[in-house]
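**Student:** Chain order of the listed sequences is L and W.
Just so we're aligned: the first sequence equals residues 0 to 110 in numbering that gives the first Met the number 0.
Just so we're aligned: the second sequence equals residues 0 to 525 in numbering that gives the first Met the number 0.
It should be emphasised that the hints constitute simulated quantities derived from the structure, not laboratory data.
Hints should not be assumed to be uniformly reliable.
Derived coverage of chain L by chain W (criterion: at least 3 residues anywhere in the stretch with Cβ under 8 Å from a Cβ of chain W; other residues may be distant) [claimed, not checked]:
hint: 1; segment: 0 to 9
hint: 2; segment: 33 to 46
hint: 3; segment: 63 to 73
hint: 4; segment: 90 to 98
With beta-carbon atoms standing in for the labels, derived distance ranges [as the list claims (entries may be wrong)]:
hint: 5; chain 1: L; residue 1: L10; chain 2: W; residue 2: V437; range: 54 to 62 Å
hint: 6; chain 1: L; residue 1: G9; chain 2: W; residue 2: P64; range: 42 to 50 Å
hint: 7; chain 1: L; residue 1: L55; chain 2: W; residue 2: A199; range: 23 to 31 Å
hint: 8; chain 1: L; residue 1: G97; chain 2: W; residue 2: T396; range: 29 to 37 Å
hint: 9; chain 1: L; residue 1: T82; chain 2: W; residue 2: G357; range: 53 to 61 Å
hint: 10; chain 1: W; residue 1: S433; chain 2: L; residue 2: L90; range: 26 to 34 Å
hint: 11; chain 1: L; residue 1: T73; chain 2: W; residue 2: H2; range: 19 to 27 Å
hint: 12; chain 1: W; residue 1: A199; chain 2: L; residue 2: R21; range: 51 to 59 Å
hint: 13; chain 1: W; residue 1: L377; chain 2: L; residue 2: I75; range: 20 to 28 Å
hint: 14; chain 1: L; residue 1: I75; chain 2: W; residue 2: A16; range: 22 to 30 Å
hint: 15; chain 1: W; residue 1: A461; chain 2: L; residue 2: I56; range: 54 to 62 Å
Keep in mind it's a predicted model, so treat the numbers as computed, not measured.
Cβ atoms here follow ideal geometry from the backbone N, Cα and C, with glycine treated the same way.
The lines below spell out each chain.
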Amino acid sequence: MEWLVAASIGLLVGCGVYLLLRSRSFSVVLGLVLFSYGVNLFVFAAGRLHVNQPPLISASAPYADPLPQALVLTAIVIGFAMTAFVLTLVLRALADLGSDRVDDRQGEEDQ
Amino acid sequence: MSHLLLIPLLLPLTLAALVLALPLSARMQKIIGLAGALGFLIAALGLLLQSAQGDIAVTLLGDWPAPYGIVLLCDRLSALMLTLTGLLATAALLYATGGSDVSGRHFHALFQFQLFGLAGAFLTGDLFNLFVFFEVLLMASYGLLLQGGGAARTRAALHYALLNLIGSLLFLLGAAMLYAATGTLNMAHLAMRLQGLASADASLASAGGLLLLTVFALKAALLPLHAWMVPAYAAAAAPVAALFAILTKVGVYAMLRLLVLLSGIGPDQSIMPPVGLVLTGAAILTVAAGSLGVLASLRLRPMIAYLVMVSVGTLLAGIAPGSANGVSAALYYLIHTTLITAGLFLLADLIARGRPQGQRLIIGDPPRAAAILSPLFLLGAIAIAGLPPLSGFLGKTLILSAVRDAAMANGSPAWAWVWAAVLVSSLLVVLGLSRAGVLLLWRSRGATATPGAAESAPAGDARRLGLAASIALLAASPLLILFAAPLTAFTLATATQVLDNRAYVDAIPGLEAMTLTPSASAEGQR
Numbered sequence: 000m001e002w003l004v005a006a007s008i009g010l011l012v013g014c015g016v017y018l019l020l021r022s023r024s025f026s027v028v029l030g031l032v033l034f035s036y037g038v039n040l041f042v043f044a045a046g047r048l049h050v051n052q053p054p055l056i057s058a059s060a061p062y063a064d065p066l067p068q069a070l071v072l073t074a075i076v077i078g079f080a081m082t083a084f085v086l087t088l089v090l091r092a093l094a095d096l097g098s099d100r101v102d103d104r105q106g107e108e109d110q
Numbered sequence: 000m001s002h003l004l005l006i007p008l009l010l011p012l013t014l015a016a017l018v019l020a021l022p023l024s025a026r027m028q029k030i031i032g033l034a035g036a037l038g039f040l041i042a043a044l045g046l047l048l049q050s051a052q053g054d055i056a057v058t059l060l061g062d063w064p065a066p067y068g069i070v071l072l073c074d075r076l077s078a079l080m081l082t083l084t085g086l087l088a089t090a091a092l093l094y095a096t097g098g099s100d101v102s103g104r105h106f107h108a109l110f111q112f113q114l115f116g117l118a119g120a121f122l123t124g125d126l127f128n129l130f131v132f133f134e135v136l137l138m139a140s141y142g143l144l145l146q147g148g149g150a151a152r153t154r155a156a157l158h159y160a161l162l163n164l165i166g167s168l169l170f171l172l173g174a175a176m177l178y179a180a181t182g183t184l185n186m187a188h189l190a191m192r193l194q195g196l197a198s199a200d201a202s203l204a205s206a207g208g209l210l211l212l213t214v215f216a217l218k219a220a221l222l223p224l225h226a227w228m229v230p231a232y233a234a235a236a237a238p239v240a241a242l243f244a245i246l247t248k249v250g251v252y253a254m255l256r257l258l259v260l261l262s263g264i265g266p267d268q269s270i271m272p273p274v275g276l277v278l279t280g281a282a283i284l285t286v287a288a289g290s291l292g293v294l295a296s297l298r299l300r301p302m303i304a305y306l307v308m309v310s311v312g313t314l315l316a317g318i319a320p321g322s323a324n325g326v327s328a329a330l331y332y333l334i335h336t337t338l339i340t341a342g343l344f345l346l347a348d349l350i351a352r353g354r355p356q357g358q359r360l361i362i363g364d365p366p367r368a369a370a371i372l373s374p375l376f377l378l379g380a381i382a383i384a385g386l387p388p389l390s391g392f393l394g395k396t397l398i399l400s401a402v403r404d405a406a407m408a409n410g411s412p413a414w415a416w417v418w419a420a421v422l423v424s425s426l427l428v429v430l431g432l433s434r435a436g437v438l439l440l441w442r443s444r445g446a447t448a449t450p451g452a453a454e455s456a457p458a459g460d461a462r463r464l465g466l467a468a469s470i471a472l473l474a475a476s477p478l479l480i481l482f483a484a485p486l487t488a489f490t491l492a493t494a495t496q497v498l499d500n501r502a503y504v505d506a507i508p509g510l511e512a513m514t515l516t517p518s519a520s521a522e523g524q525r
């Protein structure tokens, strides 16, 4: 299971970073979303991977760490709010600047 | 246990909710906002007095025992940063009541949320909580930056928001790595758990620490990560820019805390690679790029934003060697530069509103009330450039001598580069500022402003308020010189306290009894 989780985090972050480096705001926001999915999974996995274990601390039996699950909930909520904000900001920029480019080359011909 | 710590958090939060929820008149909002900033300042001063005795005040939220609950913690450094924030906030709000607070909706609510986030970032003793408070202060700063609207602000805010969102994700990654390696997020507990980590965990933890350092460097606008800063500070409304003078210092503060905690509790058990030299290099480059920017600016506000960059570089050069003297000098310089750059942002707005050419550095009509603004500009310029007899000179001298002493102690040649960068940058800053002063205030075209030329200038009362706010901030420089002896004694005590992370850990009830070995629960997870 480790390799599956690691590979999906890597794929998400890789795609996210690629899209973040694009010049159009839509791709950048999409990249941000993918990157944050990858990071959320990473935070989740920081408590190690357990299958069928209760998230309750006990001295004798193995347990799944509940703290990263709580952290990732917070991170998801914050990430969701930030994505909503960035979307409105991007739309505002499209209206104000007349272009959806984020690399300050508004005047140049699009590829 | 002290409950005074909660006031700088709860007061702005309550007031922000109040301003948002109730249909208050603009006048009421102003009064509430100012009362909030004043209350914040008074609470911060109370904490400063309390911490000046050397105690570290601790509040366990909900009285949960230390590594499990969230800890709020106020030592000398936190109290100092809170007081600075309170001073800036009061002056900025005083200025904003002159009209810029009605240029956008929810200014006062956002302002209080900003104070809430800043206070939380300075007080928290928990890594994840620090992330949350960073998000709060960033969210409020996006809103404040957009106040008033306009293409320049939108573009600056877009870049600022995108870069900081990426920074937040890296913050989460770093925090998760540290948690994965140590099984705790309490910063003091973290410092304890870093002892005796297995080598795989230690490298994970140091990777996490370096990621966090990168994030804080982004907040502090250190050289390769500085691109968001100048457009944002130049485009924001003047009182917002003045408050933002503390934002880069939040990055510096977090960096200092992190470097101390990650250096481990034992004498030679640092899990961090020696980053001091890298930080010194980045600081030198930041100073160089900032001073070239000062020289190249065509407008006054970007010029002051570049001055902020120079000051961040100088600060980091003082902190990087990690000596008590260096940190103490950097803290003295931090007080000086935060207040003076904020005052200059306000002053620049007063000058720009009083002349038809605005803030462009071209010969034009003299601004209204040039007889008051010119000496103020001279005062601010001398202070920020670091010429005697004002506080910038003393701050830079202290930093330079501390850097040399630290380098002499371990035989590193880096101090010569720091000296060269800071001294040459001072010269360039003097050149840039005297050019600005000559063009804006001295070589004016007409003897008097043409009537109606400055119609954007605020009317009498508001103008006097703005002037008072700007004078209050700039007057800090002579005061910092007059009270230099007690202040440097305080900053030295602060630096010694900050660098002693054993005291930080011992201050938290429940942690002091723990041994330095990883506890059984952390082992049980693996």
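**Student:** Confirm or reject each hint.
**Tutor:** Hints, verified against the model:
1. 0 to 9: With 0 residues closer than 8 Å to chain W, the segment 0 to 9 of chain L misses the three-residue bar; violated.
2. 33 to 46: Since 9 is at least three, the answer is holds.
3. 63 to 73: holds (count 5)
4. 90 to 98: Check passed, 4 qualifying residues.
5. L/L10 <-> W/V437: 54 to 62 Å: Because 58 Å falls inside the window, the suggested range holds.
6. L/G9 <-> W/P64: 42 to 50 Å: Distance hint for L/G9, W/P64 is violated at roughly 38 Å.
7. L/L55 <-> W/A199: 23 to 31 Å: 27 Å, holds
8. L/G97 <-> W/T396: 29 to 37 Å: Distance hint for L/G97, W/T396 is violated at roughly 50 Å.
9. L/T82 <-> W/G357: 53 to 61 Å: 36 Å, violated
10. W/S433 <-> L/L90: 26 to 34 Å: Violated, at about 44 Å.
11. L/T73 <-> W/H2: 19 to 27 Å: Because 25 Å falls inside the window, the suggested range holds.
12. W/A199 <-> L/R21: 51 to 59 Å: 36 Å, violated
13. W/L377 <-> L/I75: 20 to 28 Å: Violated - the Cβ-Cβ distance for W/L377 and L/I75, about 53 Å, lies outside 20 to 28 Å.
14. L/I75 <-> W/A16: 22 to 30 Å: Holds: the Cβ-Cβ distance is about 24 Å, inside 22 to 30 Å.
15. W/A461 <-> L/I56: 54 to 62 Å: 59 Å, holds
Consistency with the previously given hints fails for numbers 1, 6, 8, 9, 10, 12 and 13, ordered from lowest to highest.
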